[in-house]
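Student: Input sequences plus hints: build the corresponding full structure.
Protein chains in written order, with my numbering: chain A, 15 to 340; chain B, 66 to 569; chain C, 885 to 1232.
These aren't lab readings, by the way, just hints derived from the structure by calculation.
Note that the Cβ used here is the ideal one computed from N, Cα and C, for glycine as well.
There is no bait here: all hints are sound.
Keeping only pairs whose Cα atoms sit at most 25 angstroms apart, straight-line, the calculated PhoX-like set for lysine-lysine is:
no.: 1; chain 1: B; residue 1: Lys460; chain 2: C; residue 2: Lys889
no.: 2; chain 1: B; residue 1: Lys115; chain 2: B; residue 2: Lys407
no.: 3; chain 1: B; residue 1: Lys449; chain 2: B; residue 2: Lys460
no.: 4; chain 1: B; residue 1: Lys227; chain 2: B; residue 2: Lys256
no.: 5; chain 1: B; residue 1: Lys337; chain 2: A; residue 2: Lys323
no.: 6; chain 1: B; residue 1: Lys115; chain 2: B; residue 2: Lys145
no.: 7; chain 1: B; residue 1: Lys115; chain 2: B; residue 2: Lys227
no.: 8; chain 1: B; residue 1: Lys438; chain 2: C; residue 2: Lys889
no.: 9; chain 1: B; residue 1: Lys449; chain 2: B; residue 2: Lys438
no.: 10; chain 1: B; residue 1: Lys407; chain 2: B; residue 2: Lys449
no.: 11; chain 1: A; residue 1: Lys18; chain 2: A; residue 2: Lys323
no.: 12; chain 1: B; residue 1: Lys334; chain 2: A; residue 2: Lys323
With the Cβ distance kept under 7 angstroms, some of the chain A side facing chain C (calculated, not the full set):
no.: 13; residue: Ala136
no.: 14; residue: Phe139
no.: 15; residue: Leu140
no.: 16; residue: Gly143
no.: 17; residue: Ser303
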Amino acid sequence: MNAKTLPLYATLVIFVVAFALCAFQYPSMLSTRVIGNLLTDNAFLGIAAVGMTFVILSGGIDLSIGSVIAFTGVFLAVVLERTSIHPLFAFVLALAIATAFGAVMGAIIHFLEMPPFIVTLAGMFLARGMAFVLSIDSIPIRHPFYATLKSLYWVMPGGGRLTLIGGAMLVVFALGILIAQRTRFGTNVYALGGGAHTAALMGVPVGRTTIGIYALSGFVAGLSGIAYSLYTSAGYSLATVGVELDAIAAVVIGGTLLTGGAGFVGGTLIGVLIQGLIQTYITFDGTLSSWWTKILIGGLLFAFILLQKGILSLSRGGRALSVKGA
Amino acid sequence: MASSAVLTATGIVKTFPGARALDGVDFELRRGEVHALLGENGAGKSTLIKCLTGAYRRDGGRVELDGVPIDPRDPLDAQKLGIGTVYQEVNLLPNLSVAENLFLGRQPRRFGLVAPGEMNRRARALLAGYDMDIDVSAPLASYSVAVQQVIAIARAVDLSGKVLILDEPTASLDAQEVRMLFRIVRDLQAKGLGIVFITHFFEQVYAISDRITVLRNGRLVGTRETAQLPRKDLVTMMLGHELHATEKAADTHVENAGPVRYAFHGLGKTGKIKPFDLEIRQGEVVGMAGLLGSGRTETAELLFGVETADSGTCEREGERLSLASPRAAIARGFGFCPEDRKVDGIIGDLSVRENIALALQARRGWMRPLSRKEQDALADRYIKALDIRTTDREKPIRLLSGGNQQKAILARWLATNPEFLILDEPTRGIDVGAHAEIIRLIESLCAQGMSLLVISSELDELVAYSHRVIVLRDREHVAELVGGDVTTENIVEAIAGQDRRRAS
Amino acid sequence: MSGAKALGWRLLPQIVALVAILLLIWLSFPGFFTVEMQNGRLYGSLIDVMNRGAPVALLAVGMTLVIATRGIDLSVGAVMAICGAVAASSSVRGDPLVVTLAMSLGIGLLCGLWNGVLVAFLNIQPIVATLVLMVAGRGIAQLITEGAILTFNDPGLIFIGSGSVFGLPMPVVLWLVFGIAVALIVRRTALGLMIEATGVNRRAAMLSGIQAPAFLMSAYMLSGLCAALAGLVVTADIRGADANNAGLWLELDAILAVVVGGNSLLGGRFSIIASLIGAMIIQSVNTGILLSGFPPEFNLIIKAAIIVLILLIQSPRMSHLAAFAKPAGPAAPAVGMQKDKTIERTAP
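Tutor: Written out as C-alpha cells, the structure reads:
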C-alpha cells in the first residue's frame, strides 16, 4: 500500500508544510477569507482537473480542456446575449455540447486507435476555433440570474466566503472520488491505465470506458467553463489558454502517475491548492513576480516525476528477476 | 470414454497467409484429467490453444464443449462458455488490488456503488480454496509471479469452471513454486475440471499429466496415456525421427580445442548469478544447460556487459578486459544473439540489410558510415551464405520468419568478425530446416577457430556440438561435463541436482 | 540511384498535398505565385509563406529526430522564449553579436541536454520529461526579461529576423540551409540509422553496440538548438524578446509538421525533408486562409480538420492488415500512449 499512497502523502505534507510556512510569515494567510478565495479562484481549474485525473489515470491525456472551457464561456455569453433562454437551460446545452465533444474524441481515440495526444490536440484547435467563430470579442454576461448565482455563498466562521463555484468544485471532487473508488467504471479506468490490452482480455469494455472517460472530461470541462463564466461574468475566446497544462501539473503534483494506472482524484485537489497557494503567497509578498509560479510549479512537477520514478524502480526491483526469466 | 469428454476438437484447420498452421488437428479433453499438449516451437500448440480460446477464429473443424458446438468470438466469449486460460506472462493488472483483479467487471455492489469490504471478503474466501491467505487489498504487483499465477488460475476457474488452459505457467517459477502450482492443479483436477497443460519441461509433463497430445508441423502426431509413453518415444513423437545425436556426439568431444582464449574468474552479480569461473578455448563450443531462470541468460548478459558484474575479472589471453557495456564487449570481439529475438534482437522496422550491418556500423561509429554499396555487399553475402530467405534485402526484417530473423542476427554478428560468439537459444522457435542449418553453422564456425558459448534447452542438440557443457541450477554454475561425460542423461541429472554441488 | 528514387516516393504525398493547397490558394487569390524583386530582395506571398513558416520549420528539424527516437519534445516553445530572452538581454547589455548568438544557442543546447538527461539516463517518459521545461521554461524566460518585452537594436541580431541573403529573407535561408545540412549529415553518416534503430528497439540497439543514450541525448540537444534558432528568428523579427508569447504553442505546430510529414509518432523511420514540407503545408494553410479572405476565425477549425484528415489517413486501422500479419505478443499495445509503457514494463 505504501508505494500506492506515498505520492499522495507527499503532496499532502508539501501542502501542509508550505501553508504553515506561509502562515508563519504572513499570519493573516491563516484565515478562512484566504481559504475561501483559494477555493473560488481555483474553482474552474479544480473542476477541470478532476476530468484530467480520470484521463491521465487511464493512460491518456486531454489537451482540449482549456479550449472547451473558453468555448463554453463564449457560448454562454453569446446565447445569453442573443436569445432570451434561461441561463440554466443554456448551461444544460453547453454541458451537452462539451460532453458530446469529449465523447467524439474518445471514440476517435478508440476506434481509430490514434494517440490521445494528437486527437485531443485536434480537439483543442477545434474547440478554440469554434469559440473564435462565435465571437472574437470578450462578451460581458449581464443576465440577472448570474448576479443571483454570484450572490450565493456561505460565510464561513472568520468571515471567509465559500462561493457557489468554490463549493461546486468541492462537490465535483467528492463525486470524482466516489466514481474513481467506488464504481466499476472507476476501476475500469485504473484497469485501462494498467494495460489496455490486458484490461480488454479481462473483460473491461475498453471502447465504452474510453469514450466515457473523455466524455466525462468534456463534461467537467463544460462545468468548469460555466464556473469560469460565473467567475468572470464574461465569455472570451482567448481565455483559459493553457489551462490543460495547469491541470496536468495539478494532477501530477497531486500524486498521479502521468503514465496512468496509479493515483487519486483527491490528490489532484491538493495539487490545485498547492498551485493556488503559490499564487496567493506571491500576491501576499508583493515583491515576487508572477513568473515564479511557473518556475516553482515546474520544479514541483520535476520533484514528483522523480519521486514516482523512484517508487516505480524500487517496486520493480524485486520483480525484475522474474520478469527477466519470463 | 467419449462420454467423459468435456472438450472435443475435430479437424481444426487454421491457415495464415503463406502457411497452414493447423492441418486437421483432433484434440479431446476429459473431465478431471490433466492433458499435456506438447510439440516443438512452431508445431501449432499455441495456434490450437488460440483457436480453442477464441483468440483466433478457426478456418475449419468443429469444437464441442460438453457436446454442444461452440465458436467463441474472443477469449472473453470462451471464458463465458467455460474455457479459462492462464498464460505464462500473467495477464492480470499489476496496478489493481488482488481483489479487484479477481472481481473486475463483476464487483459486488451495494446501492449502485462497489462494496470493497464485501469484495475483499469474497476474494479472501476464493483464495482460501487455494490455501492462500494474503492481503487482497494490496496491489497485485506486490506479489511474486507464482502468487500472481495462482490468482490468475483462481480467477479463470471462478469465471469459467469447465476447462482450464495453462500455457507454460511454470516457465518463470522455481521448483518450490512449481510444487505449489501442481498441488493446485491436482485439486482442480479432483474437482472435475479438464486441464490443458503446456510446458517444455518433460519432468513436469510426467509428474502431472494423465495424457499427452503431441503436435508437429501443424499436424496431430498422436495422443497417448502418459504412463504408457516412455520418454524416448515422446521425444521421437516430437522430433519425428530417432535421435542419433548422442552417438554422433562422441567424436566431437575427443578432438581437442585450441589454447584458452578467454578466462573469467569469480564473475557474478548479486541477485542474478553467483560468482563463477569460466574458460573458453579457441575453436571450442561450450554448451550451457539449465532450466529457464537458472541463470543461463544472466551468465550470458554478464559476459557480454549487458549487466555489470559486481565481482570478478575477465582476461583475454592473459590481458585484463573491462566488460562494462555491450559496446566494450563488442570492441573486444564479442557477439551475442539474445534469447528473445523479437524484443532484444531484431530492429523490426529496419530492413534486412540494415539489421545485418548494424553491429559492424555501431562498432565503426556513426562518423564512419558503411557506404550503401558496402552494406549491400555485406547483406548479399550473408543472405547467400546463411541462406536467409527474403524476397529483397530491403524488406523490413519483422516480415521474415523466425528462422530467417535468427540467421540475419547471426549475420549481424558474423559481419563483425567476432572471436567469441554467445548464442542464447539460437534454435528456439524456428523451423526444422533452419534449425539444422544453424547447428551446422555453429560447427563450422567452431572449426574456423571461433569460440562459442551456446545456451540451449534442447539437450541433444547441446550434446551434439558442445565440447564441454556447463550446467546451471538456481542461479549457480553447478557442474561442468567434459568429453565422454557430455550426455543428455548426465545433463538432466545435473540439472535435477543430486545435492552434490560443486563448490566454487 | 535507388536511394533518390525511394526518397521521391516517400515525399510524394507531402509534395502532392503542398502543391494542391498552393493551387487552391492560387484559385482564390490569383496573385499568389507572383514574386517580385525589390531592392535586391524577393517579395511575394510564396516568399511570405516560407518566411513565416521558418520557426516551425526549424523546430520540425529537431522534432523529427526526437520523434524518430520514439520521443517527443514539448518544451521547444518555452525554450524558444528562453533563448530569445537570453539573446535580447545579452544584446541589451551590449555584448558583441557573436557572444549573444553563442549564449543563446548554448542555452538552447543546455535545455536540450536537460531533456536528454531526463529521457536517456533517468528513463523518464519523454512526454513527461519535457513537460517540466514546458511549464517552467516560460517562467524562466520571464525571469530573464523581468516580465517586460526586452527590445534591442543590434543591427546584426535584427538581420537574422529581417535581413536577406541572395534575395531570400534570412529566416528562409536559415531553415533551408540548416534543415538540408542536418538532413545531409544524418543520412551521409550513420547517425540516421543509429537514431532509427534506437527508436524502433532501444534494447536491441544497445545490444548491437549502439550507444542509445548518446543518440537520444543528441536528438534532444539538436531539438534544443533548433528551438534556440527559432527563438532567435522570432525575437529578431519583432526586435524584442516577448517571454509570454514567443514560441507559444509552436511545439504543437512542430509536432504537427512532423506528423503531416508522414513520420510516425511511434518512432523509427523518419525524413527531415518531409517534415520541412509538412511545416510549409501548415504555413500555407495559415497564409491561405488569410489571403483567400476567409475569416481568420476559421483558421483553427481548418487546422483541426486537417489533423483529423491526417489521422484518418495514418490511422493504424487503415494498415491493420499489415500489423496483424506479424503475431502480436500477449501484451501487444493497443492505444498510442500506452505503447511506450508496455515496452517500459517488459524491459528490465
